[in-house]
Every structure is written in structure tokens, then in C-alpha cells.
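Number of protein chains: 2
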Amino acid sequence: MCNSRLEEALVEELRDLLDAEKRLTKALPKLAKAAESEELVAAFESHNEETKKQVQRLEEALQSLGQKPLGKPCGAMKGLLAEGDELKGEADQGALRDAMLIAAAQKVEHYEIASYGTVIVWAEQLGLKKIVSLLSRTLDEEKAADEKLNGIAEELNTLAEVSQ
Amino acid sequence: MCNSRLEEALVEELRDLLDAEKRLTKALPKLAKAAESEELVAAFESHNEETKKQVQRLEEALQSLGQKPLGKPCGAMKGLLAEGDELKGEADQGALRDAMLIAAAQKVEHYEIASYGTVIVWAEQLGLKKIVSLLSRTLDEEKAADEKLNGIAEELNTLAEVSQ
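Protein sequence lines, in the order shown, are assigned to chains C and D.
Residue 112 in the numbering used here sits at position 112 of the first sequence; the count goes up by one each step and never skips.
Residue 21 in the numbering used here sits at position 21 of the second sequence; the count goes up by one each step and never skips.
A couple of the hints might just be wrong.
Repeated chains share a single entry, so a pair holds when one copy, or any two copies, can fit it.
Unchecked claim - Computed list of lysine-lysine pairs in DSS-like fashion (alpha-carbon distance at most 30 angstroms, straight line):
no.	residue 1	residue 2
1	Lys30	Lys129
2	Lys26	Lys148
3	Lys22	Lys53
4	Lys33	Lys68
5	Lys30	Lys68
6	Lys72	Lys22
7	Lys68	Lys148
8	Lys22	Lys143
9	Lys22	Lys129
10	Lys78	Lys22
11	Lys143	Lys53
12	Lys148	Lys78
13	Lys130	Lys30
14	Lys129	Lys143
15	Lys26	Lys68
16	Lys148	Lys30
17	Lys33	Lys72
18	Lys68	Lys53
19	Lys33	Lys129
Calculated directly from the structure, the hints in this document are not laboratory data.
Let's have the full structure, built from the sequences with the hints guiding it.
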């Protein structure tokens, strides 16, 4: 069903992202549970709602290319989420653990920012306007989520220092 | 030697980054060899020179905290670089393979951008001005490397489309 090798590469990248986002919808509720700050819990929960919509957009993008909306196991995201899991297992409580959860989540956000940046450039090249429009919305959400985490981190780290 | 739990977290993150950058100094020459575009080869080669300096800055940062300059195996970077390795093994030639090498490299850059962002915020909180200054320089280089790859990607993808 692919019109070009670039379109094949795009499909592969969309499948990688679909797997990544699906993993994230399972991980975010755990991160929310492990977090202490109410603001951070709320940020993880609202980003989880966004992530569910992002999964749907990726499925829609794959279907618009005549592809089944199936993910392809994403090794990098497994590694990133394993880092988050390690953190949850550590004994730290409160602001410090929150700061570390944010650090892990921001790595995931940046992985996604890089990946969506790539698929949007490729979709533009292929003239796939619908995919560009769908996934540009997602990219904006990912950047906003990263910014929000930055703000929370700056507050939290002060607390961690005070309670050292 | 650590003054606080936040400083311990900072040391862990610096070790993770040191391992990541060392892996990258081994990977970048392979990426340069796999690339076709002269501009991309040059970008990978010059970023490799930067990366060697970034390794030294991380070692300096760890030493300034009374720590041995040793890395800690970084699972996420292993996953990211494995993605790059997969790409090199694929049969694509020319512009398309270059586009995919750039995509893999940008994921690595964004992993680093997220990580350096975290360590800089933590170092600021701890009043570690030397580390903030050293690693802010690196963060600027990583962002510039990502931007440069964006520019090359936009040219390359057009070629990939034309040769489909």
C-alpha cells in the first residue's frame, strides 16, 4: 500500500510512536500514583488523557495510509520507561522523588518531540496534509507538557533543597 | 561526599549522561560512515568533536563534586543507539537512509537536551555555578546540533521524494 520508500519509513515511525504512546498510557497512571505534589499528580493525569487522544490520532494517520493501526515494539521507549520504574522503586519520598519522576517524564516527552518532528517533516514532503495537521496538534501538546513539567520542577527542587 | 539527596540525584544523572556521551563518541563515527550526504557526514564528524569535549565537561563536573569521573550504564541510550544500528543494517541507500540516520540522531539529541535541562536546574538549586556554566555550554551545543540536523533533513527529504 506504500507509494514510496519514504512513505514506508513514515509508516514505521508512526508504528514506533503508536507503541510508545500506548506504553505511556499504562505508565502515566503509575507515575501519578508515585507522585506526591498535587500539581504533579494532576499534570500526569491530564497528560494521560491527552495521550489517549494522541493514540487515536496515530491510529487515524495509519488508517489514512491504508495501514492497520498496529504498533511496533519501541525499544527506546522501553528503556526510558524502565528508568522511570527504577525511580519509583527507590526509597526517596516527597519533593525529591517528584523531581526525579519529572526528569524521567521529560526524557519521554523529548523522545516524542523528536519523533513527531521527524514524521511531520516526512509527511510534509509527501504532501500528506491530514497527517501533518493531526500530528502537529500532538507535537504542540507534547511541548506544552514539557514546559509545564519544567515549571513544576523549579518549584519542587527548592523544596528538596530545604528538606535535605 | 554528597551534601544532600538532591546532590546524590545530580551525581547519578551526571553519570548517566557521561555513559551516554561516551557511547555516542563510539556511535557517531559509524553514523558518519553510513551517511551519504557530505553535509551530514561533516555534521556527524563535527558533533563527534563536540561530544569529546562534552565528555570532559561531565568528568570535570563529577570531579568538582569529589566524585570519580565514572559513567553508569545508560539503558535508554543503549535503546536509542540500537535503533540507529538497525537503520544502518537496512538496505536503503542515499537520501532516504540519511533521513533515517538524522531521525535516529535527533532522538539522541533530544534525550540529551532533556537530561542536561534536568541537571542544570538541579545544579542551580544547589548553587553549583561552575557546573551550571559548564553544562549550559553543552546544552547550547546540543540544541544547535539538533537545529543543524533539522536543516539537513529538510533538504534530504525532498531528494528522497524525487527518487522514490
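Evaluation of the provided hints:
1. Lys30 x Lys129: Classified as neither: same-chain Cα gap 35 angstroms, cross-chain 35 angstroms, threshold 30 angstroms.
2. Lys26 x Lys148: Within one copy only: 21 angstroms inside a chain, 35 angstroms across chains, cut-off 30 angstroms.
3. Lys22 x Lys53: within (11 angstroms within a copy, 37 angstroms between copies)
4. Lys33 x Lys68: neither (33 angstroms within a copy, 35 angstroms between copies)
5. Lys30 x Lys68: within (29 angstroms within a copy, 34 angstroms between copies)
6. Lys72 x Lys22: both (11 angstroms within a copy, 28 angstroms between copies)
7. Lys68 x Lys148: The answer is neither: 34 angstroms in one copy and 34 angstroms across copies each exceed 30 angstroms.
8. Lys22 x Lys143: Both: 18 angstroms inside a copy, 28 angstroms across copies.
9. Lys22 x Lys129: Classified as within; 24 angstroms inside a copy, 40 angstroms across copies.
10. Lys78 x Lys22: Classified as both; 11 angstroms inside a copy, 21 angstroms across copies.
11. Lys143 x Lys53: Both, since 16 angstroms and 29 angstroms are each at most 30 angstroms.
12. Lys148 x Lys78: Result: close both inside a copy and across copies, 24 angstroms intra and 28 angstroms inter.
13. Lys130 x Lys30: neither (33 angstroms within a copy, 36 angstroms between copies)
14. Lys129 x Lys143: So Lys129 and Lys143 pass the 30 angstroms test inside a copy (21 angstroms) and across (28 angstroms) alike.
15. Lys26 x Lys68: Result: close within a single copy only, 22 angstroms intra versus 37 angstroms inter.
16. Lys148 x Lys30: within (19 angstroms within a copy, 37 angstroms between copies)
17. Lys33 x Lys72: both (27 angstroms within a copy, 27 angstroms between copies)
18. Lys68 x Lys53: within (18 angstroms within a copy, 45 angstroms between copies)
19. Lys33 x Lys129: neither (38 angstroms within a copy, 34 angstroms between copies)
This entry does not satisfy hints 1, 4, 7, 13 and 19, going by the numbered hints stated previously.
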